[in-house]
Structures are given as structure tokens and as C-alpha cells.
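Protein chains: 2
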Amino acid sequence: MPGKRRTPAPSRRRASARKAILSAAVALCREDGYARLTIEGIAARAGVGKQTVYRWWPSKGAVVLDALDEEVAAVLPVPDTGDVLADMRTVVTAVVTLLADARWGPLIAALLGEAQHDPAVGASMVERFITPRRAPMVRRLQRAKAVGHLPAALDPAAVLEVIFGALYHRLLLHTGPLDAAFASFVVDLVLGRLAVRRARRGAP
Amino acid sequence: MPGKRRTPAPSRRRASARKAILSAAVALCREDGYARLTIEGIAARAGVGKQTVYRWWPSKGAVVLDALDEEVAAVLPVPDTGDVLADMRTVVTAVVTLLADARWGPLIAALLGEAQHDPAVGASMVERFITPRRAPMVRRLQRAKAVGHLPAALDPAAVLEVIFGALYHRLLLHTGPLDAAFASFVVDLVLGRLAVRRARRGAP
Numbered sequence: 000m001p002g003k004r005r006t007p008a009p010s011r012r013r014a015s016a017r018k019a020i021l022s023a024a025v026a027l028c029r030e031d032g033y034a035r036l037t038i039e040g041i042a043a044r045a046g047v048g049k050q051t052v053y054r055w056w057p058s059k060g061a062v063v064l065d066a067l068d069e070e071v072a073a074v075l076p077v078p079d080t081g082d083v084l085a086d087m088r089t090v091v092t093a094v095v096t097l098l099a100d101a102r103w104g105p106l107i108a109a110l111l112g113e114a115q116h117d118p119a120v121g122a123s124m125v126e127r128f129i130t131p132r133r134a135p136m137v138r139r140l141q142r143a144k145a146v147g148h149l150p151a152a153l154d155p156a157a158v159l160e161v162i163f164g165a166l167y168h169r170l171l172l173h174t175g176p177l178d179a180a181f182a183s184f185v186v187d188l189v190l191g192r193l194a195v196r197r198a199r200r201g202a203p
Numbered sequence: 000m001p002g003k004r005r006t007p008a009p010s011r012r013r014a015s016a017r018k019a020i021l022s023a024a025v026a027l028c029r030e031d032g033y034a035r036l037t038i039e040g041i042a043a044r045a046g047v048g049k050q051t052v053y054r055w056w057p058s059k060g061a062v063v064l065d066a067l068d069e070e071v072a073a074v075l076p077v078p079d080t081g082d083v084l085a086d087m088r089t090v091v092t093a094v095v096t097l098l099a100d101a102r103w104g105p106l107i108a109a110l111l112g113e114a115q116h117d118p119a120v121g122a123s124m125v126e127r128f129i130t131p132r133r134a135p136m137v138r139r140l141q142r143a144k145a146v147g148h149l150p151a152a153l154d155p156a157a158v159l160e161v162i163f164g165a166l167y168h169r170l171l172l173h174t175g176p177l178d179a180a181f182a183s184f185v186v187d188l189v190l191g192r193l194a195v196r197r198a199r200r201g202a203p
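Those protein sequence lines, which keep their order, are chains A and B.
Mapping to numbering that gives the first Met the number 0: the first sequence position 139 is 138, numbers consecutive.
Mapping to numbering that gives the first Met the number 0: the second sequence position 4 is 3, numbers consecutive.
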């Protein structure tokens, strides 16, 4: 993929075509839904040839995943106030806000759906989108274990599967609101009784 | 849908066509994958006209959901040994076994995927497949609340969203094995510290 420094004209053109393609994919998804998205449609909207899209991406799912990856750019920060439960509530509430956002939630749901029919999309999604974004949460849970605020045997990645699983359940099946109350409910249910509270740390 | 008693010949023919269509849909899904499934293919395999399929089902997702609903016929029983944690481990292990079964897991994953592109499939899936199968688990959790083995404020349906969310996470994203160890891990993480143990009930 094109770099940003010392870019000769062909690289700049590539970067600009790439950006046009990603923007076109997101715009078309939002207008017509992921199911109607085609590589042809993306190419037409971006003003490039179909082969230009296929040169960089194997499928429409791969284009949308890259768009999502670049536009939901910031890996959500995880605070460390010393209270792991409060910190996890903060970050999971931010995740829920993203999933409930009409600009992003439907794209993420569509990719989780596409992953069931195109396994390469699922594998890329885990590797490039999900794992890097959970890494700061894994580190926060590990620090809590290190200082004895969470049981040493707890598997942070598995805990996050349970928490994110609950969020995806509502995202995919619309079984209830994706809101701050649900974020706190899930974090408290999963971690609430495991976490050593700050109050107790200060106790004699 | 055709009944089973006092069926005149046309009803029997309908029942037999219906069964042939559902079997064809499942067989084709397993052979070629859900993504390649078409109403035309189902009709050809079942030896009926395309219009016969469309008369009863609006989409291929609806056919597969009905097939799943009828073939995963038994609503999994939930034991009541007095130990809600052990009983939930038992039933969630049975669910995990079903999801890990190559005959059923991929069909359920495909329908969860299709639901992202065809909202009617998602709504039917929740209403006709998921909710009835969770009902005995909801009742088991409610009984545990009634006898003080779980906190009175606990929302059984929301608890099941967290538990099933974790299972769907592995089903949809292949982030780890769907096995009895994961079933017990999830049940213990979500309910373990909430549940009053049998041992404690017997204590003075």
C-alpha cells in the first residue's frame, strides 16, 4: 500500500485511487446496504476500472474491511485509573457507542455476516480489525491480574470473547438496545464479582 | 402447513413436497455451502417447481430456518438438580455440542450471517428458533431466583444473551474451540460467583 512520505506522482495517484475506492465502498454500503454492493459499483463510483479494485482486493468484503479499518482509525484508548471494573466499563461503553452508530454498526454487522460465506473475510477481520483493537483491553486486564485485582488464572482474551459476544448478539440479532446500560451490565456480570474493588484495596 | 391426522391425498402430497424441499435445502447447504444455495437449486433437488418453493417461503434463508427448526427438533432439556450452576453447565455444553456439530453449526452460522443481509431471516430466527429454545433455560434461571440461588434482580434473558453471545463469537469468528471446557468457562464466568452453591445451602 502506498506510503505517505516522498511519494512520486504514480504513488500519489495510487493513494488517491485507493482512498476513492474505500470511500465509494462505504458510501454505497450506507446508501443501498452491503448485500447490493458490487465491485463493479464500487469501481464506477470511485471512477476507476474494475481491475484496479481487483488488483488490490480479492472481494467486496475485503474492500469494506479495509475501509472500516482505516475510518474507525483510532484504537479506543483504555484508561487506567486503578479500578479495572470502571476502566472496562468506560471502554466497553465506547465500543457500544460505535456499534450503535448507524455509520459503523451496520458495516461491522455486514462483515460479520459476510464472514459466514467468505472465510477469508472472517480471518482478516479477526487478525486486522478485532485483535489490534482488543490489544489495549487485554493489556489492561493483564495489569489488573499482575497487581492482584483480577484472578491470576483469568484468560483476558477469553473474557473479551464473552464481553464482545454479548455486544455482537445485540448487534446481529437486535435482541435489545446497544447502550451504556447494556455495556455496564455486561462488564459487571462478567467481571464484577471477580474484580477487587478500589475501596477494598484501601481497607486495612 | 399440512397437519398429520386425517390428511386427504392433496395434504399428504403437500407434506411430502414440503419435506423434500427442506431436506434438499439442508443437503445442498452441506454439499456446496449456504452462499451457493438458490431457490432454483432447492426446487430441482426436491423435484418440485420453483413456484412451489416460493408459495411457502419468501427466501432461501426462510427455507433453511424451517429445516433447522424441524430437524433440530428437540428443545434441549434443562435439568433441575437444585444446583443452577451445574444445570446450566449441562445445557450449555449440549448447545456447544450442537454448534460444534458439522451438520448444524455451519447452518446456524450461515443463518446468523444471512440475517445481516435479510432482516426478516433475523427476526424469524429470534422468534421461531432462538426464543423457544431458550425458554426452558429462562425458566430454570427464574426458579433459581425464586428460591434465592440467584439474585432477584438478575434478568435471565439478558444473562442468556451474554452466554450465547460468547458461543456465537466462537461459532462466527473461529476464535477458539467450541467444546465442553468453553461451555463451563462461560457459565462459570457469567454465573459462577452469583450462584449460591448447594454446599452453602446445606450449611447451618
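Among the hints, erroneous ones may be present.
[Unchecked claim] Just a sample of chain B residues kept apart from chain A, beta carbon distances all over 12 Å, derived:
no., residue
1, P9
2, Y53
3, W56
4, D82
5, A85
6, T92
7, R102
8, Q141
9, R169
10, H173
11, R192
[Unchecked claim] Chain B stretches covered by chain A per the calculated footprint, using a threshold of three residues with CB under 8 Å from any CB of chain A:
no., stretch
12, 15-27
13, 32-44
14, 105-112
Bear in mind the hints are in silico, worked out from the structure with no lab data behind them.
Bear in mind that the values here come from a model prediction, so they are computed numbers and not experimental data.
Glycine included, every Cβ here is placed at the ideal spot set by N, Cα and C.
12 Å cut-off, C-beta based - B:W56 kept clear of every residue in chain A
It holds; B:W56 is separated from chain A by about 18 Å at its closest Cβ, greater than 12 Å.
Taking the shortest Cβ-to-Cβ distance between B:D82 and chain A, state whether it exceeds 12 Å.
Given that every Cβ of chain A is farther than 12 Å from that of B:D82, nearest at about 18 Å, it holds.
Just want to verify: B:R192 was marked as not at the interface with chain A; is every Cβ pair farther apart than 12 Å?
Per Cβ check, B:R192 is inside 12 Å of chain A; nearest 4 Å; violated.
Exclusion check [B:R169 not at the chain A interface, CB over 12 Å]
violated (7 Å)
Exclusion check [B:T92 not at the chain A interface, CB over 12 Å]:
holds (16 Å)
Decide, holds or violated, for the assertion that all CB atoms of chain A are farther than 12 Å from the CB of B:H173.
violated (7 Å)
Check whether three or more residues of the stretch 15-27 of chain B sit with their beta carbon closer than 8 Å to a beta carbon of chain A.
violated (count 0)
Chain A versus B:P9 - minimum CB to CB distance exceeding 12 Å, so not interface:
The claim stands: B:P9 keeps its Cβ more than 12 Å from every Cβ of chain A (closest is about 37 Å).
The stretch 105-112 of chain B covered by chain A? Criterion: 3 or more residues, Cβ-Cβ distance below 8 Å.
Since three or more residues must qualify, the claim that chain A covers the stretch 105-112 of chain B holds, with 4 doing so at under 8 Å.
Minimum C-beta separation from B:Q141 to chain A exceeding 12 Å: can you confirm that?
It holds; B:Q141 is separated from chain A by about 17 Å at its closest Cβ, greater than 12 Å.
Three-residue Cβ test at 8 Å for the coverage of the stretch 32-44 of chain B by chain A
holds (count 3)
Given as non-interface: B:Y53, which should sit over 12 Å from chain A by C-beta:
Fine: 19 Å to the nearest Cβ keeps B:Y53 off the interface.
Comparing the model with each numbered hint stated earlier shows that hints 9, 10, 11, 12 do not hold.
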